[in-house]
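Undergrad: For reference, the chains in residue letters:
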Amino acid sequence: MDKEIVELAKLFKVRDNKSYDGFLIGKVIAPPPSTAISIDENIILDNDNLIFSAQLLSGYERSFEVYDATINSFSGKIKTTDTLKSGDLVILVPSTNGQLYIVIDKAVTF
Amino acid sequence: MEYRLLLNGKNINNIALNLEWSSNKDTLGQQLTFDLPYDDTGTLSSVDVKPNDKISLYYKSKLIFFGSIIDIEYDGRRPRKCNCLDLAFYLNKSKITVQFNNKNADEAIKEVLKRFNIKNTVTSIPVKIKKIYKSEVVSDILKDILEIAEKQLGKKYRFEMRGDTLVVFNWNDIYVKANVRWIENPKRKVSFENMKNSVEVVSDNEKSTKIVATARDDASIKEYGLLQESQTIDEKELSKAKNIAQNLLKELNRIQENGSVSLLGNYEARAGRLITLNEPITGLKGDYFITDAQHTISNGIHLMNLSLEVV
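Chains as they are written, first to last, in the working numbering: chain H, 2 to 111; chain B, 2 to 312.
Careful, some of the hints might be misleading.
Straight-line C-alpha distance at most 30 Å; calculated DSSO-like pairs for lysine-lysine [to be verified]:
1. B:K96 to H:K4
2. B:K104 to H:K4
3. B:K111 to H:K19
4. B:K190 to H:K4
5. B:K135 to H:K14
6. B:K131 to H:K19
Bear in mind the hints are in silico, worked out from the structure with no lab data behind them.
Okay, chain H solo, but in the shape it has when bound (with noise of 0.2 Å):
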């Protein structure tokens, strides 16, 4: 192939985009703090993949008031006790270069 046509097709190649695949649902395989999450058959993310949103893990801790209840009012800190087990579908984002995935939260649908 003559080289300059593999030149120019290089410079077509630089340009192209890498496709950008957005959101994913992956599943836990094990709960955190040692996470797995899986994602397809042939690839399990671990710790160095991932970025959890806070507040799905335990020991997640926030102050809180209550008030305009019917109760009387009362404030305090709430802290969570429970995390991610295995089996839970979770929304995962992937960064560009599809290396990196922040954990958002469990998912749902109906």
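Dock chain B against the given chain H, drawing on the hints supplied.
TA: Chain B in isolation, oriented as in the chain H frame:
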């Protein structure tokens, strides 16, 4: 005739015309074309070509090319043109999804090739690959793995199809012993257009973009001016950032030299290999890397045009 062209095992030296084959460092695999004359009388009807017929080219007993006819062009009464590609064609056309979790680069390559039943000989590449490839072309995955190895080790690797085996080797392992005393059309170009004497390595972490390593050659900056390159690397490779910066500087901080020559043909000359030349008129002296090789056999004479780059 020392070269033998076989169609499905049958020698077609006496009817094939204009045999040409070429390779290029950026495309995996070799390409081969030949013409078969159009035959009105029916004497050549014993040679019936169709796509996927197997073509092999031998020099004496060495297999130079093994592949299939990919397409055949018919044009009135003119000879039929047959275009052939070797087995790397399958790697260039197929996409797979695969994940490597800290696997050695050579093991990763072997795993990918096993899926296509392609025999392989892979030299040891002591680099761990941790990456996800989703629906990517196989040859791109192989090139990416070798690029990761090159960035971390500073050593270049090449791959080429030899017959039915894919071989991955250290790039300075194979020298071509060609007859370099008869040289025609030597051309040479020297330039510092793409020279870079300062390298910045930036993390591609979406949370923060900061410079993680730099490398500079102050003497070169003083002479040529500041020419800076910026390279993003995966957050995981931060520990190797300094190495990557220095390897990149070593690669880019020089005057580029490339050229081309026509020589008497030697079947060993393929893109990806090295050749030593001593051509005083244009100054092509030393070791050169073959980036493109085009061979032709016409009237029994084998010639080759090589495009070269300085190592």
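Undergrad: Does each hint hold? Answer for all of them.
TA: Here is how each hint holds up against the structure:
no.	hint	result
1	B:K96 to H:K4	holds (25 Å)
2	B:K104 to H:K4	violated (35 Å)
3	B:K111 to H:K19	holds (26 Å)
4	B:K190 to H:K4	holds (16 Å)
5	B:K135 to H:K14	holds (18 Å)
6	B:K131 to H:K19	holds (20 Å)
Figure legend: structure checked against the earlier numbered hints; the only hint not met is number 2.
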